[in-house]
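*Asks:* Residues per chain, in single letters:
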Amino acid sequence: MRAAIAAILGRLPGLSRLKVERRSKRVLVHEILSIQIFSAALVGALAIATLYWGGQWVLQDNYDRWALQWTEELNELGSPLYLNEDSDARVRLESYVERYSEIDRVVYYATNGSALFSVDNDAAAPPAAGLSDTLLRDATAVVGSRQPYLLSHADLDPRQFEILAPVWTESIVDDGLFGFDPSNAEPEAKTELVGFISIKLDFIIFHDRLLANIKTAVMILLTLLFAFALFGHRALRNALKSFSQLEQPIRELAKGNLEVEFKPAEHREISDIVEALETTATALSERDAELLELANHDSLTGLFNRRRFMEELQNAVTELAQNGQSAALFFIDLDQFKYVNDACGHPAGDRLIRKVADELVRSVDEDAIVARFGGDEFAVLFPNADRELARSNAELVVANMRSMAHIEDDQVFHPHCSIGVTMMRGAHLNHDELIAQADIACREAKLAGRNRFHFFNDAESFENEMLADVGWMNRLRTAIDEDKFELLFQPINRIDTGDTTHHEVLIRVQSEDGKLVSPEAFLPSAVRFGLMSEIDLWVIRHAARAYAQHSENQPQLKLSINLSANAFENEDLHVFVKEAFAENDVPGEHIILEITESLAIRRPIHVERQVAELRKLGCEIALDDFGTGYSSFSYLQRLHFDYIKIDGAFVQDLLKNPVDQKMIKLIAEVGHEAGMQIIAEYVQDAESLALLGKLGVDMAQGFFVGRPSTVPRFASTPISLDSRRKRQAFKSP
Amino acid sequence: MQCGARSTSKLAHLAMFALLMTAGCATPPPQPEPAEPPPVEVVVEPTIPIIEPTPPPPIVEAPPVTVTPLPAIAIVLSSRNPDYEDVVFELENHLENYSIYDLSDKSQPPAAAFRLINDSDTVAVVAIGLIAATSAVQMANVPVIFSQVFNYQDHGLITESSRGVAAIVPVAAQIAAWKDIDPNVSEIGIIIGEGHEDLVAEAELAAEQHAISLKIRTAHSDQETLYLYKRMIQDIDGFWLFPDNRILSTRILNEILQSARHRNVAVLVSNESMLAMGATISISSVPSDIAEKITEIIRLIQANRFADVPSLTPLSDIRVETNEAFLQKPVVAAEPEISEGTPQ
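Listed in order, the protein sequences are those of chains A and B. Under the numbering used here, think of the first position of the first sequence as 100, with each following residue one higher. Under the numbering used here, think of the first position of the second sequence as 64, with each following residue one higher.
With the rest of the complex left out, here is chain A (with noise of 0.2 Å):
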């Protein structure tokens, strides 16, 4: 009933899909007050049943206890058969009769049964017939008794019934009244029948007035309830409108208003809604502002972050803009933080930043706005600074860093920093290429010997590297959103059978003239820019992709994707892993995920949980560019990789370095016996390929092996004698 109500609400013109909405939902009142008007009805049921039944059962009790009340009038009633000489007795009985509707007939008998009269109120009754011999002998016997009647019901209705009682006198004996003894339980007297008396009783009327009240007074009571529906309906619409009060205020608290005002309750109820409400208001406005605090700023340091410092860039430009005044943004960046963070710890490296933090807080005036722009990067805009005053405070926060020493497990640190400066005049520029200039300054006093300043200057080469590093981030932008990346694929062969074993997904992009650009153009950019975090889920999508695309034809393929230290951040890495080989049908066991040296060591547990729900997947780890950090192989074999990649920087010279090749000597000894299968980077020629499989590397990836290519090609290297004859040794019997 109701859908089709709202079918056809639904199609007259000017309501909108909400209204009819609203009026297929419950109403409260109505649900109240069915409520209240179901248990009043029960309750009114089971009344008048109670009533009806009850009634029933104590009329019928109280028939046979008015039947025997009767019994007590037989003086009255009985008068015709003693009283003499009373012609009015049968006046007077008609009229006692007549008054007493439930009186049906009253007999009288002669002592031997014969009937001698009887008083009728139905004027048609037949003539009453004499007592049988049993109720004769029967009504004779109770004579005297202390139950002297009869009492008879009718058959089929028991509101009907007949007393049929024996009219007896007493007197006295002779001499009893001298020396009368009240005491005495049984006088002696003399009894005499005088004949016999019927009643009988019709409560029929009586009850079916009765009855016809019960009725009158149920439709009363259910005309009473349903006026009190009626009066409670309006009652409790008006009860209920304070709850109608509240909704534009909590439509105004969902749309995000937390200054929204509710109106003082009358009702406790409400009031205590009202009061949940401003309290939920109230803590939506405080969260609101703790989440802008954290949106706002950095969490270590309490700074403003990147955004928020952009923000305040941007607001600075527009103002200068207006005001033609000048201000100073510095770039700063902590030199040789990372010995500290490796040498001490990720903690360690914490706790320096928050020192630096607060330094440079206290380096600088309270309008200055300083921020942390990530990792150990720090920005500070100087609002209205001209270029001494920003050359007094650039000396200034150099000084104090240059004097911060900072201790960690007994060890000294004096973490000094290298600042771009750069001034910020007129409309010309906006903030991401004032940011550009600050970190080309800084970079330039990190290039003059780190632990300065140096204010930006106009030399082209450095302008444009730092416009082709913003021009990066757009194009990546770009290529992420459009897909414009694209994937190699180079082998990587088994040194002892020249088979390939796995494919290394490389990313390219697409330059401006339409070449392929390697990772080393674009990547500093998309880490500085934030975006390498969606490469790297750009890449595993897209790789994914690419296996099942080219393992119908080649089922043996084996897909090695790279995992940033982005990748790592997001601790639900491994669900979109899960997912995307899900879609595409991949087995993790046809999938390597490569990590750097560096990760592993900067976050070991971080990245031992997440390699152990990668690993769940069936994937295998490696571990590349191994060899450039400070790695100890305890953390390699709790991390249990798969793959030991060595660093393209120990192949590169090999021929030549003897060092190298102890180095890669030992990894491949201390490798094989962790479990670990070798891959050395970098391969360019034969010569090198055959010394890495004698210093017991067991894979090669590079040029010589193969280039990349935009298909997975399985092409064979040479074997050296040597591995051939490794391999004939192993293969004869």
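Partial pick of chain A residues on the chain B-facing surface, computed with a CB cut under 7 Å:
| # | residue |
| --- | --- |
| 1 | N174 |
| 2 | Y181 |
| 3 | S270 |
| 4 | I271 |
| 5 | L276 |
| 6 | F277 |
| 7 | G278 |
| 8 | F279 |
| 9 | A288 |
Keep in mind the hints are simulated off the structure, nothing from the lab. Cβ coordinates follow ideal geometry from the N, Cα and C atoms, glycine included.
Fit chain B to the known structure of chain A by using the hints.
*Replies:* Quick look at chain B alone, frame taken from chain A:
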């Protein structure tokens, strides 16, 4: 003559002195126990014909008799009823030669007893109680003097050879005593059986003298008595209960007395035991008086003047006892009238 009279309250004592001219010593009467208040019932008064009272027979004064010893007398009792034995006790003070026969003794049937009497030198039979009286009248060969019989006329006890002593004290004395006790009494109801027209006439005359209106009805059974009583009770402030056993039963007695109690209607009875049932005033005969009257008749018999003995010799003494509760006139709320509708 040994006094056997007992006086009760002061007023009763004074009444006795006023009416009688015999002195007596007083002993406090037993105090009747207050009776249960009877229920009040509405009675419609039927109309009954007023019988003109016949004057009581004049008392013929016997010529002075020289005191000579009384002859042999047979005293026949209906039973060992205390009311009978009291008379015997008093008689014994007068008689010297007497024999007592108890007809309730099953070992000696009445016929046997009277055979003995007839065979003896008994001059007269004193029959106390109805059974003794009827047996004596039937079987005795000598004059019979009966007493303690109210409905003598029903049994033909007055014959050529039998005379009686009244069972109750004169009604005029009763009314006078009642009026002394309760000067406010003005409407007295009487329900009595047939055959007591003389008594009724006597009562009406006495009532008239005391400005009392009598409502008199004749009943033939206890049911009728109750029926008439219910119709009378609203219009009277006193009810005179004569000891007519023909129209009374224990049940009816209880109902009448309880009803009267509820309605604050005084009830005069002839038996002080009924005070416990709720009666208000008891005016009863005095055994010594009965004995004296019997003795006088015996003397007349002895003087061959039996024909001079009236049919029924009236009594002289009365014994009055009252219900203390009545005297205190407790305010008893009348029972609500039973409305004529469906019995509740």
